[in-house]
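**Student:** Each chain is listed here by its residues.
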Amino acid sequence: DTGVSQNPRHKITKRGQNVTFRCDPISEHNRLYWYRQTLGQGPEFLTYFQNEAQLEKSRLLSDRFSAERPKGSFSTLEIQRTEQGDSAMYLCASSLAAKGPGNTIYFGEGSWLTVV
Amino acid sequence: AQTVTQSQPEMSVQEAETVTLSCTYDTSENNYYLFWYKQPPSRQMILVIRQEAYKQQNATENRFSVNFQKAAKSFSLKISDSQLGDTAMYFCAFAYNNNDMRFGAGTRLTVKP
Numbered sequence: 001d002t003g004v005s006q007n008p009r010h011k012i013t014k015r016g017q018n019v020t021f022r023c024d025p026i027s028e029h030n031r032l033y034w035y036r037q038t039l040g041q042g043p044e045f046l047t048y049f050q051n052e053a054q055l056e057k058s059r060l061l062s063d064r065f066s067a068e069r070p071k072g073s074f075s076t077l078e079i080q081r082t083e084q085g086d087s088a089m090y091l092c093a094s095s096l097a098a099k100g101p102g103n104t105i106y107f108g109e110g111s112w113l114t115v116v
Numbered sequence: 117a118q119t120v121t122q123s124q125p126e127m128s129v130q131e132a133e134t135v136t137l138s139c140t141y142d143t144s145e146n147n148y149y150l151f152w153y154k155q156p157p158s159r160q161m162i163l164v165i166r167q168e169a170y171k172q173q174n175a176t177e178n179r180f181s182v183n184f185q186k187a188a189k190s191f192s193l194k195i196s197d198s199q200l201g202d203t204a205m206y207f208c209a210f211a212y213n214n215n216d217m218r219f220g221a222g223t224r225l226t227v228k229p
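Sequence order for the protein chains is W and H. Using my numbering, you'd call the opening residue of the first sequence number 1 and step up by one each time. Using my numbering, you'd call the opening residue of the second sequence number 117 and step up by one each time.
Among the hints, erroneous ones may be present.
To be verified - A few chain W positions that, by computed beta-carbon distances, are all more than 12 Å from chain H:
| # | residue |
| --- | --- |
| 1 | 73 |
| 2 | 83 |
| 3 | 115 |
Said to hold, decoys possible - Short derived list, chain H residues pointing at chain W, Cβ under 7 Å:
| # | residue |
| --- | --- |
| 4 | 156 |
| 5 | 159 |
| 6 | 160 |
| 7 | 163 |
| 8 | 165 |
| 9 | 169 |
| 10 | 207 |
| 11 | 216 |
| 12 | 219 |
| 13 | 220 |
What the hints assert, rightly or not - Chain W residues, not near chain H, derived (Cβ > 10 Å throughout):
| # | residue |
| --- | --- |
| 14 | 7 |
| 15 | 8 |
| 16 | 12 |
| 17 | 20 |
| 18 | 22 |
| 19 | 26 |
| 20 | 56 |
| 21 | 58 |
| 22 | 71 |
| 23 | 72 |
| 24 | 76 |
| 25 | 81 |
| 26 | 93 |
| 27 | 104 |
| 28 | 109 |
| 29 | 114 |
The hints are simulated quantities; they were obtained by calculation from the structure and are not laboratory data. Note that the coordinates shown come from a computational prediction; the quantities given were computed from them, not determined experimentally. Glycine included, C-beta positions come from ideal geometry on N, C-alpha and C.
All chains, please: the whole structure from these sequences, using the hints.
**Tutor:** Shown next as structure tokens:
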């Protein structure tokens, strides 16, 4: 079990460019989550997948954001036409779905995005 | 809407002492879960402890224990025998559905030698 893996760990991009982050969850986990975290704040939920289906999207996820999990394994989060306000750490997490909300969510180390 | 409030932005404690971090939440749900996560300077979030709302017994994990007061919607974390490695951001989190775990703003804990 290698844990949740994210890359790149750091990305600096110019405003207006597109960026893509990748997340590899723990292998047997069928749920995958994306969160955004800014300095001094807790993580904010963006979206989650169960297998390849995207089941929930936060209103924080504007039209410039798109997430995919095509084969139910790894996931990508793409941000188009980046803005300075997109600068944050993007956290990926995974869990094994269970009845009720009690399954533990495991987080990756995050991908830092700086938009200049 | 569910909200989580951590009223202590920063705290410090001497090594080997005990410290309590506060958390309150607001929900109309009756069955839910509460968590404390630790985020060390390396930034990876690690689960410290979790509590099922339907259980009256407070959860305990080694040096970490919680004081869960359901009626007061309070969920504090007590760290006993604090160690230097406990220095981190601590986030309280609430989950009704796992698709939407809500986090507080965090408490930065510094353990002093």
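**Student:** Are the hints correct? Go through all of them and say.
**Tutor:** Now the hints, each set against the structure:
no.: 1; hint: 73; verdict: holds, 19 Å
no.: 2; hint: 83; verdict: holds, 23 Å
no.: 3; hint: 115; verdict: holds, 19 Å
no.: 4; hint: 156; verdict: violated, 10 Å
no.: 5; hint: 159; verdict: holds, 5 Å
no.: 6; hint: 160; verdict: holds, 4 Å
no.: 7; hint: 163; verdict: holds, 6 Å
no.: 8; hint: 165; verdict: violated, 11 Å
no.: 9; hint: 169; verdict: violated, 10 Å
no.: 10; hint: 207; verdict: holds, 5 Å
no.: 11; hint: 216; verdict: holds, 5 Å
no.: 12; hint: 219; verdict: holds, 3 Å
no.: 13; hint: 220; verdict: holds, 5 Å
no.: 14; hint: 7; verdict: holds, 14 Å
no.: 15; hint: 8; verdict: holds, 14 Å
no.: 16; hint: 12; verdict: holds, 17 Å
no.: 17; hint: 20; verdict: holds, 20 Å
no.: 18; hint: 22; verdict: holds, 17 Å
no.: 19; hint: 26; verdict: holds, 13 Å
no.: 20; hint: 56; verdict: violated, 4 Å
no.: 21; hint: 58; verdict: violated, 8 Å
no.: 22; hint: 71; verdict: holds, 20 Å
no.: 23; hint: 72; verdict: holds, 16 Å
no.: 24; hint: 76; verdict: holds, 19 Å
no.: 25; hint: 81; verdict: holds, 27 Å
no.: 26; hint: 93; verdict: violated, 8 Å
no.: 27; hint: 104; verdict: violated, 6 Å
no.: 28; hint: 109; verdict: violated, 4 Å
no.: 29; hint: 114; verdict: holds, 15 Å
Going down the numbered hints, you'll see the structure goes against 4, 8, 9, 20, 21, 26, 27, 28, while the others check out.
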